[in-house]
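**Student:** Residue numbering for the sequence shown follows my numbering, beginning at 1 and increasing consecutively.
One or more of the hints may lead you astray.
Derived lysine to any residue pairs resembling SDA-like cross-links, with alpha carbons at most 25 Å apart [to be verified]:
no.: 1; residue 1: K368; residue 2: G190
no.: 2; residue 1: K291; residue 2: K238
no.: 3; residue 1: K368; residue 2: T358
no.: 4; residue 1: K238; residue 2: I101
no.: 5; residue 1: K291; residue 2: S351
no.: 6; residue 1: K52; residue 2: S21
no.: 7; residue 1: K245; residue 2: R230
no.: 8; residue 1: K108; residue 2: F292
no.: 9; residue 1: K274; residue 2: R319
no.: 10; residue 1: K200; residue 2: P213
no.: 11; residue 1: K291; residue 2: R131
no.: 12; residue 1: K368; residue 2: R216
no.: 13; residue 1: K256; residue 2: K275
no.: 14; residue 1: K256; residue 2: R319
no.: 15; residue 1: K118; residue 2: G240
no.: 16; residue 1: K256; residue 2: S244
no.: 17; residue 1: K271; residue 2: R319
no.: 18; residue 1: K224; residue 2: K245
no.: 19; residue 1: K245; residue 2: P124
no.: 20; residue 1: K291; residue 2: R263
no.: 21; residue 1: K275; residue 2: A12
no.: 22; residue 1: K301; residue 2: S244
no.: 23; residue 1: K301; residue 2: Q223
To be clear, the hints were calculated from the coordinates, so they are not data collected in a lab.
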Amino acid sequence: MAGEVGETVWRARYTYRLRVSGTARVGLEGEWGRCRWLWNECVARAKRAHAKGEDCGPARLDQMLTRARAVTPWLTEGASVPQQQTIRDFAASRSKALKDIKNRLPLKRRAGMPRHKKRRGSDPSLNYTRRGFRLRDGRLHLAGGIVLTVVWARPLPAEPSSVRVYRDRVGHWYASFVVPAPVEPLPPTGAVIGIDWGVKETATTTSDAHDLPHPRHGFQAQQKLSRYDRMMARRKPKKGQAASKGYREARRWRAKTYARIARQRQDTARKWAKKVVRDHDVIAVEDFRPKFLAATSMARKTADAAIGATKRALVEMGRKHGRDVRLVHPAHTTMDCARCGARAKHALPLSERTYTCTACGAVCPRDKNSARVMLLRAGLDPAGVEGTRPPGAPLREAA
1 MAGEVGETVW RARYTYRLRV SGTARVGLEG EWGRCRWLWN ECVARAKRAH AKGEDCGPAR
61 LDQMLTRARA VTPWLTEGAS VPQQQTIRDF AASRSKALKD IKNRLPLKRR AGMPRHKKRR
121 GSDPSLNYTR RGFRLRDGRL HLAGGIVLTV VWARPLPAEP SSVRVYRDRV GHWYASFVVP
181 APVEPLPPTG AVIGIDWGVK ETATTTSDAH DLPHPRHGFQ AQQKLSRYDR MMARRKPKKG
241 QAASKGYREA RRWRAKTYAR IARQRQDTAR KWAKKVVRDH DVIAVEDFRP KFLAATSMAR
301 KTADAAIGAT KRALVEMGRK HGRDVRLVHP AHTTMDCARC GARAKHALPL SERTYTCTAC
361 GAVCPRDKNS ARVMLLRAGL DPAGVEGTRP PGAPLREAA
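Generate the whole structure from the sequences, applying the supplied hints.
**Tutor:** Here it is, written out as structure tokens:
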């Protein structure tokens, strides 16, 4: 998605940590209590409308909100902007679920219908449009008189159009701004690269210098996680009883460890993606979706590899810098020969790590062969896979 410097072609999220005072925390939790009640009311209204065969779109829910604010003083104590956005979020969630049902998607791939949000089981999340917040003197002012201190780790590139204020499982508050992001094109390199995802190595590429080994962040923290799991199991409250202080502390330590692992995976993915995008003009990426591996014996190792997050970071980095990222369908990529294009008669077992073509006799590592197949399917010439393409030579377009 190429563009000139300063040209706005996409939107990005910039997330910052918040320093929340006691007064602001009470205000945010009060707003979330009203929005959570409104969400649950929308769920109940939608169920009744479905039973009666009536329509329950955003317009009808907006009318419900207007009537509710007219007769409920507790609801009018909060700002109308996050409440209206709660209805928009509910309508979008319900529309996606109905669309999946209409398209007869498999049950595992469907988005479920919106459910009730419990007070103890859901973290606060409030959405504000441009008329519901403003930035003044480096602080975030929300509708309803809530003032928050933002930890500005980096400046915003443009004026934000909306913001989402939320609290994570650890108890930290964040503000996520949506801003128009300009393309920042990098100088052309004349090189192309193919990328194949795996478990032994998170990413195997046609260039040895850009392979991404398995970082094993989750494996390294497994001892701590197992300890916290045992602490929670010993202190687990009985049904109907409140959790003890020790159980809540162990749960918080466990959540902090998982948050640290997630940040490590994100940092590794972004640094690797920036290196790949900086060194190559065109990137052929396997459009691999590792969700189906969650039901196999490789589930834990696949989750630790964070293939989905790494692929997403690569696509976003390519979009940010105007590189051509081409997603390749993963079917039969491990069975095709990158030299002659012949396809093996049977699927190769995972234990077989060397690919041998029965047609032309080519022998190479299995993942390297798959990475070169990505280039062929993207319509690129494998002659430039190691960055040896002559400078300025035109790149072949995909067929």
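**Student:** Next step is simple, just say for each hint if it's right about the structure.
**Tutor:** Structure-based check of all given hints:
{"no.": "1", "hint": "K368 to G190", "result": "holds, 21 Å"}
{"no.": "2", "hint": "K291 to K238", "result": "violated, 33 Å"}
{"no.": "3", "hint": "K368 to T358", "result": "holds, 17 Å"}
{"no.": "4", "hint": "K238 to I101", "result": "violated, 38 Å"}
{"no.": "5", "hint": "K291 to S351", "result": "holds, 21 Å"}
{"no.": "6", "hint": "K52 to S21", "result": "violated, 46 Å"}
{"no.": "7", "hint": "K245 to R230", "result": "holds, 15 Å"}
{"no.": "8", "hint": "K108 to F292", "result": "holds, 10 Å"}
{"no.": "9", "hint": "K274 to R319", "result": "holds, 11 Å"}
{"no.": "10", "hint": "K200 to P213", "result": "holds, 8 Å"}
{"no.": "11", "hint": "K291 to R131", "result": "violated, 39 Å"}
{"no.": "12", "hint": "K368 to R216", "result": "holds, 21 Å"}
{"no.": "13", "hint": "K256 to K275", "result": "violated, 29 Å"}
{"no.": "14", "hint": "K256 to R319", "result": "violated, 31 Å"}
{"no.": "15", "hint": "K118 to G240", "result": "holds, 15 Å"}
{"no.": "16", "hint": "K256 to S244", "result": "holds, 19 Å"}
{"no.": "17", "hint": "K271 to R319", "result": "holds, 15 Å"}
{"no.": "18", "hint": "K224 to K245", "result": "holds, 19 Å"}
{"no.": "19", "hint": "K245 to P124", "result": "holds, 22 Å"}
{"no.": "20", "hint": "K291 to R263", "result": "holds, 20 Å"}
{"no.": "21", "hint": "K275 to A12", "result": "holds, 20 Å"}
{"no.": "22", "hint": "K301 to S244", "result": "violated, 33 Å"}
{"no.": "23", "hint": "K301 to Q223", "result": "holds, 15 Å"}
Of the hints listed earlier, those the structure fails to meet are numbers 2, 4, 6, 11, 13, 14 and 22, in rising order.
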